[in-house]
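The whole structure should be built from the sequences, with the hints applied where relevant.
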Amino acid sequence: MNEVLKKYPSATREDLLDILHDIQESDPHHYLSDEALSDVASHLGMDLADIKGTASFYSMFGFSPRGKHVIRICDSPPCQLLGATTVLQKLIDVLGVAVGETTSDKLFTLETSSCLGICGVAPAMMIDQDAYGNLTPTRITEIIEQIRREDEAS
Amino acid sequence: MKPARRQVLIEIEEDSLLAGAREVEQAFSAAIKEQGLDQELRVAETGNVGIIGRGVVVVIYPEGITYAGVTEADVSEIVTEHLMKGRPVKRLQVCLAPCKDREKEGLGLTRGQPRIVLKNCGIIDPNNLEEAIAVGAYQAVERVLTEGITPAGVIDEVSRSGLRGRGGAGFPTGKKWSFTAAGEEKYLVCNADEGEPGTCKDRLILEGDPHRLIEGMILAGYAIGATQGYVYIRGEYTLAIDRMSVAIEQARANDLLGEHILGSGLSFDIEIKKGAGAYVCGEETALIESIEGKRGYPRLKPPYPGQVGLRRKPTVVNNVETLANVAPIILNGGDWFRSFGTKTCPGTKVYTILGHAANPGLIEVEMGTSLREIIYGYGGGLRDGKRFKAALIGGAAGAFVDEAGLDVAMDFDSLRDYSAVLGSGAILVLSEDTSIVELLQGILHFFAHESCGQCATCRSGTSRLVDILERFCAGSGGEQDLDLLLRVARLMRDASFCPLGQSPIIPIESAVRAFKQEFLACETVTT
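Protein chains in written order, with our numbering: chain W, 1240 to 1393; chain P, 198 to 724.
Quick caveat, the hints were computed from the structure, so don't treat them as lab data. The structure displayed is predicted, hence computed values, not measured ones. Errors might be hidden in some of the hints.
[Stated by the list, open to error] Chain W stretches covered by chain P per the calculated footprint, using a threshold of three residues with CB under 8 angstroms from any CB of chain P:
| no. | stretch |
| --- | --- |
| 1 | 1296-1310 |
| 2 | 1313-1321 |
[To be verified] Keeping only pairs whose Cα atoms sit at most 25 angstroms apart, straight-line, the calculated BS3-like set for lysine-lysine is:
| no. | chain 1 | residue 1 | chain 2 | residue 2 |
| --- | --- | --- | --- | --- |
| 3 | P | 282 | P | 230 |
| 4 | P | 372 | P | 498 |
| 5 | W | 1245 | P | 471 |
| 6 | P | 491 | W | 1291 |
| 7 | W | 1329 | W | 1345 |
| 8 | P | 491 | P | 510 |
| 9 | P | 372 | P | 540 |
| 10 | P | 230 | P | 287 |
| 11 | W | 1291 | W | 1246 |
| 12 | W | 1291 | W | 1329 |
| 13 | P | 471 | W | 1291 |
| 14 | W | 1246 | P | 491 |
| 15 | P | 316 | P | 491 |
| 16 | W | 1329 | W | 1307 |
| 17 | W | 1291 | W | 1307 |
| 18 | P | 287 | W | 1245 |
| 19 | P | 498 | P | 510 |
| 20 | P | 491 | P | 471 |
| 21 | P | 510 | P | 372 |
| 22 | W | 1246 | P | 471 |
| 23 | P | 471 | W | 1307 |
C-beta: ideal position from N, C-alpha, C; glycine also.
In structure tokens form, the structure reads like this:
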């Protein structure tokens, strides 16, 4: 049984989103595996199809292994207005992957997101739980290089 | 604890954190300790003070001097010059708009905004219950309990104030509460699923003054007879969720939430529910479905949530800003509230000014303030000396207002005349360099992505709209495509199940009305 479920001894369907958030956060690949979803289904006494159907409605959940770091760049109008399209292209070039893909070293997954609510520093993105704003193509190179360096060091 | 002679407030919110606010906070604490000032100076956190996108903001009290763009390297200068010698560091000082009196430049929070909702944001430490209480938190709850004001009395006062829902539609709050069906079990839900692109006012309220929201929820719960409340917060709002959790725990520990609040017969508790990335969940019935652990599909209305809501029980869903207005209304009276704003829209409105504005920011102004004053008086006009082209009011589901509409009064009724919506308080300022066609394509792409797929009208309609706009962007769109664009959007307005599909007509119609030539110019330029 998934460790996370022990925190929810008498869970009902209403706890589903919280449980899925917790499982995804604790998974080293930041996703909801079939195995984990099956555990959730039996724990809540729900059909697996029902669980998958609900989870797939929400864009924060992923169903295939993601890289160590998940990049979510905002593609909403306020960020577009201030250059998000150029910044996204730079990310695609620097990482060498398309949106939705993971780099071959499994370090980064590139995703787009609707408004992150930090439009004051548009264009913006989140890498895992950290927000980055006032992005430019140069900043993108710096940020990615820094994370790569930190990762090699650790 | 000896009261500190002076306070150094560091703005800690999502924007400033990524500019290094924590590091600056630590540098201040270290520098103050090193200078032996830690007995008379206190370093504390606060919420957004009203400046957006200018890096780390620091306010020094009691002077109220505000610094922006502060880095770790500036800290020792501020400590030695300002805190020790009383000489403010001019190069970092900012004047919070509007600053008509040049003499007062830099005096900080003398901005002349009538702040009701944001009164304590950027002034108190949101992690500290004592500070909230010192500026009046929970006095309204105390008043209701000690003076024996009945639930009907609370609803009356809110009705008298004329408060209208700040989530967008502007429905009278007192009326909504009084329509709640009778029943043993009822719920109060606070909608903090702020997903409208370009909006972050609810996040800044949650981060800046969480106890204000809790108090508003207690009062609303008491008024409608609910003992359980839920705050549904966007999953992306990590800091807001943390601050709210801390505040709820503090309130529980101090008899302000839970059984027998302040020793009275009143019981009310709040639970946080975290969203998972779905714009449509901002619609109240979709939000209820999501709390129930289902796909966020909007429900058919009627019945409205006031009759059949969460767990099929009567439920009131109110926006963060609406609930943040309740405590001051109960404390000061509905007539006091009516002294702000217009006759049909009393009170204030919180806006975020973004895009090409010279001073992007969070402001609170009276209902009925003109768009011109908001953009030029508070937003400082446009950056880099550019010309104004239009403003997108209310987010993706909002309207484009061009120069001819700058004097429109910003309230629910005047904007309706202008077929715009007050919506989420998002004001996206657009300079002359903006391509309205490209921006509209982005908006329609957003709708297509966020359409929940439940009804065919919206599911296929949003995709059709994107296809048509792509023709314009590719330079192959003509008059007939403009007609088609409007026809599809009108059909969606009339036949979609929920406000998501009913909304694209608003940006489309307003963009085509003001900038028709721009759509057609795409054609002539490239062919």
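> Hint by hint, which ones does this structure get wrong, listed from lowest number up?
Replying inline: 12, 15, 18
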